[in-house]
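*Asks:* In order, the protein sequences belong to chains A and B.
Residue numbers 1 to 319, in the numbering used here, belong to the letters of the first sequence in order.
Residue numbers 1001 to 1292, in the numbering used here, belong to the letters of the second sequence in order.
Some clues are possibly wrong.
Partial list, derived from the structure: chain A residues whose beta carbon lies under 7 Å from chain B [as the list claims (entries may be wrong)]:
{"id": "1", "residue": "LEU23"}
{"id": "2", "residue": "VAL26"}
{"id": "3", "residue": "ALA27"}
{"id": "4", "residue": "ALA30"}
{"id": "5", "residue": "SER142"}
{"id": "6", "residue": "THR147"}
{"id": "7", "residue": "VAL252"}
{"id": "8", "residue": "VAL257"}
{"id": "9", "residue": "GLY290"}
Chain B regions said to be covered by chain A (calculated; three or more residues, Cβ under 8 Å) [claimed, not checked]:
{"id": "10", "region": "1102 to 1111"}
{"id": "11", "region": "1128 to 1137"}
{"id": "12", "region": "1216 to 1227"}
{"id": "13", "region": "1257 to 1270"}
Since the hints were derived computationally from the structure, they do not count as laboratory data.
Ideal placement from N, C-alpha and C gives every residue a C-beta, glycine not left out.
This is what each chain is made of:
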Amino acid sequence: MLASVIARRAAFALLTIWLASLLVFVALQALPGNLATQLLGRDATPEAVAQLEQQLHLDRPAWQRYLDWLGGAVTGDFGTSLVSQQPILSAAGLALRNTGLLALVVVVVGVTLSLVLGVVAGLTRDRWPDLGISGVSLIGMSVPEFTVSTVLVLVFAIRLQWFPAVVTDGSDATVGTLLEAIWLPAASLVVVMAAYIVRMMRTSMIDVMASDYVSMARIRGLTSVRVVLRHALPNALLPTLNVIAINVAWLVGGVVVVESIFNYPGIGTLMLQSVRNRDVPMLQFIAVLGALTFVVCNLLADLAAISLNPRLRTPGRAG
Amino acid sequence: MTTASGTLRRSPGRARASRRRWGTSLALGTVLVAVNLLLALAAPLLTSYSPITPDGLAAVEGPSPAHWLGTDSLGRDVLTRVLYGGRYALAVSLSAAAVAIVLGTVLGCLAAYRRGWFDEVLMRLLDAVLSVPAILALLVVVTALGSGGPVIVLAATVIYAPAVIRVVRAAAFSVVSLDYVTAARARGEGFWAILRREVLPNILDVVLVEFAMRCSWIVLLVSSLSFLGFGADPPTPDWGLMVSENRTLLTVTPLSTVAPIVALATLIVGLNLAADGIAKARGIDRIVGGSR
Chain A
1 MLASVIARRA AFALLTIWLA SLLVFVALQA LPGNLATQLL GRDATPEAVA
51 QLEQQLHLDR PAWQRYLDWL GGAVTGDFGT SLVSQQPILS AAGLALRNTG
101 LLALVVVVVG VTLSLVLGVV AGLTRDRWPD LGISGVSLIG MSVPEFTVST
151 VLVLVFAIRL QWFPAVVTDG SDATVGTLLE AIWLPAASLV VVMAAYIVRM
201 MRTSMIDVMA SDYVSMARIR GLTSVRVVLR HALPNALLPT LNVIAINVAW
251 LVGGVVVVES IFNYPGIGTL MLQSVRNRDV PMLQFIAVLG ALTFVVCNLL
301 ADLAAISLNP RLRTPGRAG
Chain B
1001 MTTASGTLRR SPGRARASRR RWGTSLALGT VLVAVNLLLA LAAPLLTSYS
1051 PITPDGLAAV EGPSPAHWLG TDSLGRDVLT RVLYGGRYAL AVSLSAAAVA
1101 IVLGTVLGCL AAYRRGWFDE VLMRLLDAVL SVPAILALLV VVTALGSGGP
1151 VIVLAATVIY APAVIRVVRA AAFSVVSLDY VTAARARGEG FWAILRREVL
1201 PNILDVVLVE FAMRCSWIVL LVSSLSFLGF GADPPTPDWG LMVSENRTLL
1251 TVTPLSTVAP IVALATLIVG LNLAADGIAK ARGIDRIVGG SR
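Construct the entire structure; sequences and hints are all you get.
*Replies:* Written out as structure tokens, the structure is:
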């Protein structure tokens, strides 16, 4: 029973990624300008353009190019970057590692912090800890990342000079160098991401604390700590899991602005460069990576929900 | 397969519990949005400066009686640009949210009403659209079609309609199975008549909350786009653009960066508070994901 639920979800996940790759492929065909002309410059001879078109398979119909791409992608070959002329995976490799590092810090700090704050706000509903936390999280979800970053730079890089304002190294920076400069970009992302999780956790904590089984646990004379940790928390986490998943997946696109501000050499900076340079294979790869992250995060959240809540183990109800 | 990036769910008990506070949220939110709207509309009456014409003699000045918030690197009055900046943000986000809401409501109701293969195919397609990072989609569309207002409205619609469709579909599901809809169907009424007379009045609150919420996200996204240099073109007065232009002078004239930030924040806080207020008043849970 459980296996069939998981198999169903996994099949839908694959379908979603495939559809997303198809949609993105079609959208990228709409980018203006002939790619070959663009790469060779305006005064390229028609012969040279024709030769490059043939080399890039641009002379073949779009559906055939999509099938070629799909065939390669399944085996981990995402084509060649038009800018660096390297295979996509090695051209994006370092950027991936750098964004991975940033995301790791953001997820670990952000999720822990927001769950704790959400629980505190939910338990102290409408009193000052809640009003403070809810107020700050409302502002957190109401200002764009670039404003959070700008304010952080103003305070911590310019006035206090605790952290550097930009990363000076390229994508081949060592992990040590990056760790020195990672805090302000990470903090900007944590503020934005945590706001949503805090709000969700607060709401579901309030719901759960008002439920019969929590009252029952209290009547049985269990300590408050035990009631909150053992009875309320697992149930309050359930609806929050999807919000966490969506926010973690959001990072793939969310890093664009923050990375561009701090000159952080990750996948967001790469995305902007690729848009500017019309590096279609790279954009296709980043989009599919985004879809993959989104789907995997949601799948993990679903599985975590199933393991927390036995009622979800029957197919049909969970949809 | 997964919960929508933003879903709304009714819980009758909660409405009673928090009725005390929704009035304040709604009032404060409406006032903030209204003030932003009025200031943007009345901009030419409130200031005699041009938001666009440079003034080389007055570049990079601090606050003074002539320029309350100082000037930027081209000598343009910061207050004037902030006032005019609301026009672009409001026009783009309100129209994009309106189009996304209309499209999302019709398709969402249609999916709930038709069910079957139409619903199934639509949901799978939406999963795929939602899984692509919004900012990447927007960047590609803007690069392909240019960064004019209509293009951004179109792009924001494509990006936000899927989430609206799912929310409206979920809300409409509980309505279309009710007896009065069955009765209307039995009377032989068509989809549009049922949508207008039976379904829409009952999900209007959900649609309103969605509208306010999407507005705030579109303001965020569009200003981020301008900040990155893919949105409003200079010298258009736009808040995101202003922050990116004036950031380099952060230590010299901090107000020229802080003013557009405050303007942006008040508008978005206002929209969020309004959405919160309506949601609480009607007992709707706002489950919000960061799918910008």
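*Asks:* Determine for every hint whether it applies to the structure shown.
*Replies:* Tested hints:
no.: 1; hint: LEU23; verdict: holds (6 Å)
no.: 2; hint: VAL26; verdict: violated (11 Å)
no.: 3; hint: ALA27; verdict: holds (6 Å)
no.: 4; hint: ALA30; verdict: holds (4 Å)
no.: 5; hint: SER142; verdict: holds (4 Å)
no.: 6; hint: THR147; verdict: holds (4 Å)
no.: 7; hint: VAL252; verdict: holds (5 Å)
no.: 8; hint: VAL257; verdict: holds (5 Å)
no.: 9; hint: GLY290; verdict: holds (4 Å)
no.: 10; hint: 1102 to 1111; verdict: violated (count 0)
no.: 11; hint: 1128 to 1137; verdict: holds (count 10)
no.: 12; hint: 1216 to 1227; verdict: holds (count 5)
no.: 13; hint: 1257 to 1270; verdict: holds (count 6)
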